[in-house]
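**Student:** Please take these sequences and the hints and turn them into a complete structure.
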Amino acid sequence: MGLYLPVGPQHPIHPEATLIKLKVEGEHVVDADIDASFVHRGIEKALERKTYVQGLFLAERICGICNVAHTTCYTLNVEGLAGIEVPQRALWLRLIVEELARVSSHLLWLGLLAHVVGFESLFMLAFRDREVVLDLMEEITGGRVTSGYNVIGGVRRDIDAATAYKIKSSLAKLKERVVKYRRLLEEDPIVRARTVGVGYLSPSEARELLAVGPVARASGIAYDIRVNDPYLVHEEVPFNPVVYDTCDAWGRAMVRVGEILESIEMIVYALDHAPSGEIRARVPPIFRPPPGENVTRVEAPRGELLHYVRSDGSEKPYRYKVRTPTLANLPAAISMLKSRGDRVVHIADVPVIFGSIDPCICCTARVLVVNEKGAAKEFQLDELAAKRWAR
Amino acid sequence: MALVFDVITNLFRKRATVLYPEERKEEPGTFRGVLGFERSLCIGCGLCWRVCPASAIEASRDEKGARPVFHLDRCIYCYLCVEVCPRKAIKASSRRAPAVEDKRKLEVS
Numbered sequence: 001m002g003l004y005l006p007v008g009p010q011h012p013i014h015p016e017a018t019l020i021k022l023k024v025e026g027e028h029v030v031d032a033d034i035d036a037s038f039v040h041r042g043i044e045k046a047l048e049r050k051t052y053v054q055g056l057f058l059a060e061r062i063c064g065i066c067n068v069a070h071t072t073c074y075t076l077n078v079e080g081l082a083g084i085e086v087p088q089r090a091l092w093l094r095l096i097v098e099e100l101a102r103v104s105s106h107l108l109w110l111g112l113l114a115h116v117v118g119f120e121s122l123f124m125l126a127f128r129d130r131e132v133v134l135d136l137m138e139e140i141t142g143g144r145v146t147s148g149y150n151v152i153g154g155v156r157r158d159i160d161a162a163t164a165y166k167i168k169s170s171l172a173k174l175k176e177r178v179v180k181y182r183r184l185l186e187e188d189p190i191v192r193a194r195t196v197g198v199g200y201l202s203p204s205e206a207r208e209l210l211a212v213g214p215v216a217r218a219s220g221i222a223y224d225i226r227v228n229d230p231y232l233v234h235e236e237v238p239f240n241p242v243v244y245d246t247c248d249a250w251g252r253a254m255v256r257v258g259e260i261l262e263s264i265e266m267i268v269y270a271l272d273h274a275p276s277g278e279i280r281a282r283v284p285p286i287f288r289p290p291p292g293e294n295v296t297r298v299e300a301p302r303g304e305l306l307h308y309v310r311s312d313g314s315e316k317p318y319r320y321k322v323r324t325p326t327l328a329n330l331p332a333a334i335s336m337l338k339s340r341g342d343r344v345v346h347i348a349d350v351p352v353i354f355g356s357i358d359p360c361i362c363c364t365a366r367v368l369v370v371n372e373k374g375a376a377k378e379f380q381l382d383e384l385a386a387k388r389w390a391r
Numbered sequence: 001m002a003l004v005f006d007v008i009t010n011l012f013r014k015r016a017t018v019l020y021p022e023e024r025k026e027e028p029g030t031f032r033g034v035l036g037f038e039r040s041l042c043i044g045c046g047l048c049w050r051v052c053p054a055s056a057i058e059a060s061r062d063e064k065g066a067r068p069v070f071h072l073d074r075c076i077y078c079y080l081c082v083e084v085c086p087r088k089a090i091k092a093s094s095r096r097a098p099a100v101e102d103k104r105k106l107e108v109s
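The listed protein sequences derive, respectively, from chains A and B.
Going by our numbering, 147 is the number at position 147 of the first sequence; the sequence numbering is gapless.
Going by our numbering, 47 is the number at position 47 of the second sequence; the sequence numbering is gapless.
Quick list of in silico lysine to aspartate or glutamate cross-link-like pairs, EDC-like style, CA-CA up to 20 Å: (1) B:Lys-25 - A:Glu-139; (2) A:Lys-166 - B:Glu-26; (3) B:Lys-25 - A:Asp-135; (4) A:Lys-338 - A:Asp-31; (5) A:Lys-180 - B:Asp-6; (6) A:Lys-338 - A:Glu-27; (7) A:Lys-175 - A:Glu-187; (8) B:Lys-14 - A:Asp-135; (9) A:Lys-321 - A:Glu-44; (10) A:Lys-175 - B:Asp-6; (11) B:Lys-14 - B:Glu-26; (12) B:Lys-25 - A:Glu-131; (13) B:Lys-88 - B:Glu-58; (14) A:Lys-166 - B:Glu-27; (15) B:Lys-91 - A:Glu-139; (16) A:Lys-173 - A:Glu-265; (17) A:Lys-180 - A:Glu-262; (18) B:Lys-91 - B:Glu-38; (19) A:Lys-50 - B:Glu-83; (20) A:Lys-338 - A:Glu-205; (21) A:Lys-338 - A:Glu-25; (22) A:Lys-173 - A:Asp-135; (23) A:Lys-173 - B:Asp-6; (24) A:Lys-23 - A:Asp-35; (25) A:Lys-168 - A:Glu-138; (26) B:Lys-14 - A:Glu-176; (27) A:Lys-338 - A:Asp-33; (28) A:Lys-175 - A:Glu-131; (29) B:Lys-103 - B:Glu-58; (30) A:Lys-168 - A:Glu-265; (31) A:Lys-175 - A:Glu-186; (32) A:Lys-50 - B:Glu-58; (33) A:Lys-23 - A:Asp-342; (34) A:Lys-45 - A:Glu-315; (35) B:Lys-14 - A:Glu-131; (36) A:Lys-168 - A:Asp-135; (37) B:Lys-25 - A:Glu-138; (38) B:Lys-105 - B:Asp-73.
These are calculated hints, taken from the structure and not from any lab test.
**Tutor:** This is how it looks when you write it as structure tokens:
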């Protein structure tokens, strides 16, 4: 005997449209499924209608919070395709802004975790501190959230000495507060009661279900694109990937808070050691890369982000494909939501578990085809390949 | 429990928020705000409406030739047109776009 309990698509705990279908027995969740196909925006198709330079601004809007990761990935991808040389200083500046965006994203997530576990003071404090980073982003890039900083061929603006000093002094203050929050997560009984042992994902499962980012790193898998496949100047900037082996929501929180501190160290180091020179190579507003394809991976705040481009030699991409980290983490999330053996998942844990993967649904939605009778069908990759849709 | 002290001291600290409509935060000079257009400098080359990713710039025609019209309601403030303009006729500013009831008030030409 089981009862089906839908959580969503409109649910106060997850503002984005997700349907979590739970099969419950009493208070225990025995089976789960996630439907994330409510907000398909057709961005991949729209990218085929834009020139490479215009597409950058659409790629930036795939996700609001990790927009810097998306532009970094897009620009590296198109530069690799067209063989554009980027000045060295631009790569350092991209790294600085990317890590700033990571700090902002993780602080936002920390606030949401606090909100989900019912710790509203920490929610307020995390959002207050995120403002420090957003003000810095506005100062450096000219936009608080949608930065518009990376462009094909480099970056738009340089960071001068006065701004660098301001960044360092603001981040020093922020660091003190984040250290305090880390101690709080380690000691606070409310946070520990709601997160320790919740959302268990064993290392073997994490590997099998291809979890990425902080979810994998909290399950003891030291997998970070910045180490495994460095894409900017990560070889020259010292940092330690944060890895925990508690395999639960608490570990994921600790990984993210640890990454904030690591990112702050990286930004300060990069500000001190960035070489001087050009920041932008000249790229015409409309250009035609040679036919070919390219793949780039970037460590977005939520995990591994993958962009693929195929060119047929025209000024617009023939195909553009984006694989966002949340999509990679959904199978792991479903696995975490199921009770197994003596690891029982309560209904009250569902928001914490689903929140612990840092879901960003709007960049994840997949194709859903609804026929005239209202029956919906989702297509898998091999089915699409079998159909060979003509363009 | 570590936060209790912080929460109590916060009662006596300065407010972290801004009481928005009455007091406003100063935008930094680097902020990407609304566009300005100097019509006398424009040569009608058409680069701006060709690069605009949001189709916010339309071509119009006057006695001197083709000239752009900027629809700020559609503008995403990417500043591609500012960068691409050969005569620097499109001006950057750090002003925010005002809230209006009529979209035509957001046209710049």
